[in-house]
Each structure stands twice: as structure tokens, then as C-alpha cells.
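From first to last, the protein sequence lines are chains L and W.
Residues in the first sequence are numbered from 1 upward in steps of one, following our numbering.
Residues in the second sequence are numbered from 1 upward in steps of one, following our numbering.
Source of the hints: derived by calculation from the structure; they are not laboratory data.
Derived DMTMM-like pairs: lysine to aspartate or glutamate, alpha-carbon spacing no greater than 25 angstroms straight-line:
no., chain 1, residue 1, chain 2, residue 2
1, L, 123, W, 43
2, L, 123, W, 184
3, L, 441, L, 360
4, L, 357, L, 213
5, W, 193, W, 39
6, L, 225, L, 360
7, L, 48, L, 213
8, W, 193, W, 254
9, L, 441, W, 108
Residues of chain W clear of chain L, computed beta-carbon distances all greater than 12 angstroms:
no., residue
10, 124
11, 162
12, 184
13, 188
14, 222
15, 239
16, 243
17, 258
18, 275
19, 276
20, 285
A virtual CB, placed ideally from N, CA and C, is assigned to each residue, including glycine.
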Amino acid sequence: MFDGLDALMLARIQFAFTVSFHFFFPAFTIGLASYLAVLEGLWLKTGKQLYLDLFKYWVKIFAITFAMGVVSGIVMSYQFGTNWSVFSDLAGPVIGPLMAYEVLTAFFLEAGFLGVMLFGMNKVGKKLHFAATLMVAVGTFISAFWILSVNSWMQTPVGYEMGANGQFLPGDSWAAIVFNPSFPYRLVHTVLAAYLTTAFVVGGVGAWHLLKDRAKGGANLHARKMFSMAMWMAAIVAPIQIVAGDMHGLNTMEHQPQKVMAMEGHYNSYPDGAPLYVFGIPNDEEQRLDYAVGIPKLSSLILKHHWNAPIEGLDTVPDDEQPPVFLVFWAFRIMIAIGMAMMAVGVWSLFARWRGKLYDWPWLHRAALVMGPSGFLAVLCGWITTEVGRQPYVIYGLLRTEDAASPLAAPAVGASLLAFIVVYFTVFGAGVWYILHLMHKPPHTGELGAKRGDKGPIRTAGITPGPTQDPTDATTRDLSGTKHEPEEAP
Amino acid sequence: MINVDLTTIWAFIIAFAVFAYVVMDGFDLGIGILFPSFDPGRERDRAMNSIAPVWDGNETWLVLGGGGLFAAFPLAYAVILPATYPLIIAMLLGLVFRGVAFEYRWRDPSHRRLWDFAFTGGSVVAAMAQGMTLGALLQGIEVDGRAYAGSWFDWLTPYTLLTGLGTVAGYALLGATWLIWKLDGEGQAHARKLALRAGAITLVLMGAVSVYNVLLNAEYAERWLTAPEIYFAAPVPILTAIVAVSLLRAVTKERNSKPFWLALLLFFLGMAGLGVTIWPNVVPPDVTIWDAAAPERSQVFMLVGVAITMPLIIGYTAWAYWVFRGKVDDEGYH
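Next comes chain L alone, as it looks inside the complex (with noise of 0.2 angstroms):
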């Protein structure tokens, strides 16, 4: 299947397929663990039912894509060692200590109090189980802390020494390694993408549900009520994420200049303003953007803030050292595209909340449902505009990564893609139509949440079943294993 591809070319498909499935459930979870301490908070704050309702809606939703992110997060931190050995030996003494602290600060912190969270809201009583929510969400943050140090550091590499045998030692201070240059703007925008990631799904779910409540003349307040607080999140974050983009690429730009010439497929040099091209086809080979559109000057205006700016391109780096310009360019572009987009659609819910016309106005509903998985292919997108554009280094300017594998045949790495591949996409396919399938199902007064048993849900003394309750209802109970035991009285 993967004849012609060699090790080193497979090794690296397999780490890019795994590590891209794999970020899609924290992109998803650092956001939704925040929005659910939010919603467990403002129910504690206010007494209202609307919201504990919320939280244990979106709590399934968070259990199953927790453990997607957990079993696919343990096949990255044993796939440096098991694909790219020669990268752990030598960069284990400076990177391996980060890890170990994001598991022992982090990882720790996440899985002791998800049983809490998930299970335990009758065992603790509120207040604590609203501080297990709460460790969760930080757990959640403080893994984004340890992963991005250690990412930024492969990108901006400082405060190590050269051992005699070849590995990356750590020097004097631990601060300069974790709070490396790219670091700070690599933080901040990968932790507003995950919001904004977040924001946009449940946005969309509750689109979703007001369009159908609207074909049925109802008025679900719970599908208003998240999909108000998600357009807030995106009329809010959306432009911040879009400044401190900006940011994080001018810090590229002094860090990794290669990089941000692919992002621009400037492969020449242009002394007196750069064009911005909106399209164009890059050619490696004779290292020229074919059919290039263009708005002259732009890019000098964007990057060096000024219309005339000269800027270098790749004509000034030699071709092995060059990142591949194809899928920099074009990552970079959809990236930007879905950053407008969702800037666009909160001006948009802005203006509807003015006009008083946020859970009326149907193509604003359309526009939020078509935008809600927008903010995974964004995320996708912009790790590959990092990462791609660091190549051909692994740890960059230093360690190239065809130097990093590990001594493995073609047929056993081969193997082992095909092997993930399968596996993957059958069994997070179910996982992510599992999701689909709660995200379905309108939020109702009396959720059951993450409540699992065998003799069916016990009912919370005092609350009925409101009005908006409907007959796909029978499906919520389906789902949560008990339709075929009779419900017992509490």
C-alpha cells in the first residue's frame, strides 16, 4: 500500500495522521472543560435549572471526547520514542522534563477529578464537584502550557548546551527553555483557537436547534441560551485571536523567516514592497508561484508596516533548506480565511442582539450551523503552517528530521500506519458519530448527564419533564442504556 514511501517519509505521515487526529479532542476539550466550570458556576450563582441542564448536555458530550483525547494522547508521548529515537535521545534531557511536568501537573490533575466530575455530583455535593470542574478546566490549560513550551522550544530553540555525545543539554536556566521566544504568542493563539474552536460548536448545536424549533413553531431556551453565549465568545475572541495572530507571525518572522516566506510564497526577493497573493499555485521545482493573484505592497504594509518594506524570500535560502511551500502556503490561507469568516459571523450576532434579532434571524442560525466545525479545520490548518514550515528541521536551524527517526524498516512503519489509519478512523468515526448523535438531541429541561446504570435514571425529586420536552426524547434514554428497563420511581 505504501510502496515507494520510505521509512523516514512513512514515520513522518504516521506522526502528522496521529498527532492531527489527536489535537482535534484538546482543541475541542481545553475549551468545553472552561464552559462547562462557566455553566456549572452561573447555576450554582443564580439557582437556575437552565444551566445545570446545559452542563450535563454538554458533559456527555465532553466525557466521550475526553477519552478520545486520552487514548490518542498516549500514542504521541510513546511515539517519540517509538518512531523518532534519535530526537529523544538527543533533545530528551531538554524536552523530556517539560513532558514529565505536564503529566505530573496536568495529566494527573485532569483524570483524578474527571471521575469526580463526571460521576460524583451526588457523592461530593455541589460545591466540590464544582471544584473538581474546576481542576479540570485548569488541567486542561496546564497541559496546553507544558505541549506548547515544548513545541515552541523545537521551533525556537534556547538555553541548551552541546553535550560531548551529541544530545541538547539544558543550560543555566530552566526559564530561558520553557519560556522560550515563540513560546508566549504560541500559547495565547493555540489557547483562543481551542475557545474559539469550542465556541463555534456549541454555536452551531444551538443554531441547529433553533432552526428546528422555528420549523416547529417552539422556542427551546436552552438552544437560546448557548447559542447566545457562544456569539458572544465569537464577537469577543475572534478579533483578539486575530491581533495576536498577527503577533505570533511577526515573531515568527524574527525567528523563522523561511516559514513566514512559504506562508507568503515569496520566493523572491522584493526590495521595495512585497505583493500580499491571495492565490497561486507554488512550484518547488522552479521555485516561482504559478498563477499568482496578488494586492501589490500588501504583505510589506502587513508585516513590516510600511508600503514600501523590503522583504526577503526564499531566493536567500538555499533549496535544503526550504519548506516544502504548497501546503504553507495554502494551510496558512484557509487558516486566515476561517479567522475572517468567524470574525464576520460575531459582528453579524452583534448586530442581530442590537436589533433584538439574535434567535430570529435564520441565515444567522444557517451561517453559525455551516461555521461550527470551522474551527477544527483552522486549528488543522494552522499546525501545519507551524510545523511543515519548520521543516526540513525537527528542532529548527539544528536537528534536521531525516536525522531523527528511529532505525526502522519501511514494512514495519508501513505497518504501523495502516494499522492507525484503520483504527482511527473506525473507532473515533463512532466516536465522533456518538457525539453527533447527543449533539442531535435538543437540551430539555431534567438532562440526565453523564449518569449511567442498570436499572435505568433515577429522577431528580422536583423536576417534570418542561414542555419543550419532545418525542425524540426516548432517544436520549436510548442512548444512555436504559431503554429497556422500566424506570424506577426515586
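Starting from the structure of chain L, add chain W where the hints point.
Chain W alone, transformed into the frame defined by chain L:
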């Protein structure tokens, strides 16, 4: 005898993480291994619910073991993982199936049998792969320079099959004793029967592996069978025999938690035996912990982290177990 330096401390920390993983996820995986023998209705639901709130925390110790090895002994990490490549990949994929089954089986009643099968299959594969990886390490890994230098199938020998099966049986024993503790009535009675069988098989395989170790390698034999080493080594098998007898008795008498604690002790002794066998190597036969150790700055930096976080981790993990203490009732933990 042991010069206590940072590297030694780190060897013990990694050993602790591996031990914590083996016993904690061991009983989770063990329940997966035994799952088909439980009635598909209420018994399976209860067995699953007895670990649903804690399995994720248990599995995190595997990440600490792997991540800690990467950080503290990068050379060992870089040699062992390529040497056992197919085993590690199989383990990871097994854990994927096992992990998602916890959620999926409740979300999709019409395919529950399928996800129950995935739960068992994933658990068996992961346990077998872990045991075989241990065997591959013990039988020795060929190293040239700073890289694995053996061939594709060095990890596949009768010895590694034996350690793999031993691990599967051992995890099943842990799982069965955990269920004795967490279940009552028929489920508990069933778990007692399973614990007896798994216990007997585990002991036979442990004995076989021990004999094989001594025959496999002259250096191991010398370590176990000559003075003065034998004075340090001899208590391990003697204690193991005592614990084994107590364990089988506790299982048959109407004890709740005692069988589990004794099974834990049995694993601890097994681990101590392994320690005696490979010390001071991290990759037998040639790479010692000092050869593979990260530089002092890395060790110190992480040690600070461990010193601060480990008491907290143990504290809140214990709390999470405490919250879900006692027998699993019919609504799981709700």
C-alpha cells in the same frame, strides 16, 4: 551496596511509576480480560462501573512511566521503544479500544456486545504486549552506540510469550480481587472463583519465569544463587510463597478487601525480584542507569517537580478513590 545519587533516586521514581501503573491499570485491564465471563447484563455494568471513575487516573501512570523514562533516561527510552516497536504499537492500539469502550458501550446499546468485545480484546492485547515488552527487556536488548541494533523479531521468543501470559494472568488476578472487594452477592462469588484460577495460573507462570531467568542468563543466575547476593535475593521468593498461600486462603474465606491487598503485595514482590534481576542496568545487558541518565540539571529540575506534585497527586487520587468507596450499587455510583 547502593550509592544513593540522583540517578539512583530517579531509577526508583520510574520503578515506582511503573509499579503504580501495573497494579492500578492492572486491575482495570484485568476486569477487561475477565469481562466475557460476566453476565452481559447487570454484572458487566457493575464491573465496568466499579472502575469507570478511576481508570483514566490509573492509565496516567503509564504516561508518567513512559514520559519519566524519556526525561530521566532518554537513551533507554530511545533504545527500548524501537526494539519493541510492534509490541508498543499493539499496546497503544489495545488501549485505544479499551479506553473508548468505557464511553461507547453506554452510548450505543445496540452495539454494546461489540464494544464489550473491544473492551476485552483491547485489555488482553495491552496486557500481553506489556508483559512481552518486559520479557524483551529482561532477555536483553542489543545496542550499538546509542541505538537499537537487533533485528525485527528479537522481542518474539518463548520467554517473552511466557512473560506476556504471566502478565495477562496477573492482571486477571488483580481484576478479580478488585471485584471481590467492590461487588457483593453472585458477582462476588463469581469473582472469587476467577481469582482462584487466575491466582493459580499467575503463580505457576511466575515460577516458570523465575526459573527461566536463572537458566537464561549466567549473570542472573549468579545474582540469585551465590553468596553474598543470595542473602539479599533469597527473601523475595520465600516471601512470595508466604503471600501466595495467604492470598489463596483470603480468596476462599469470606474476605472483602484482603485478597486485593495481598495481590498487590504479590506484584510488589515480583517487581522487587525484577529489580534484583536487572539492577543496575536499565537496558540489559549493557546499558546501566548511569549510562542512560539525563544530565544532573534535568534530574534536579524534575525532582523538584516530583517532590512538590507527587504528594498532591497521591492525595487527590486517594480522595477520588475514597469518594467512590464501598460496594457498587445498582446505579453504578450515582
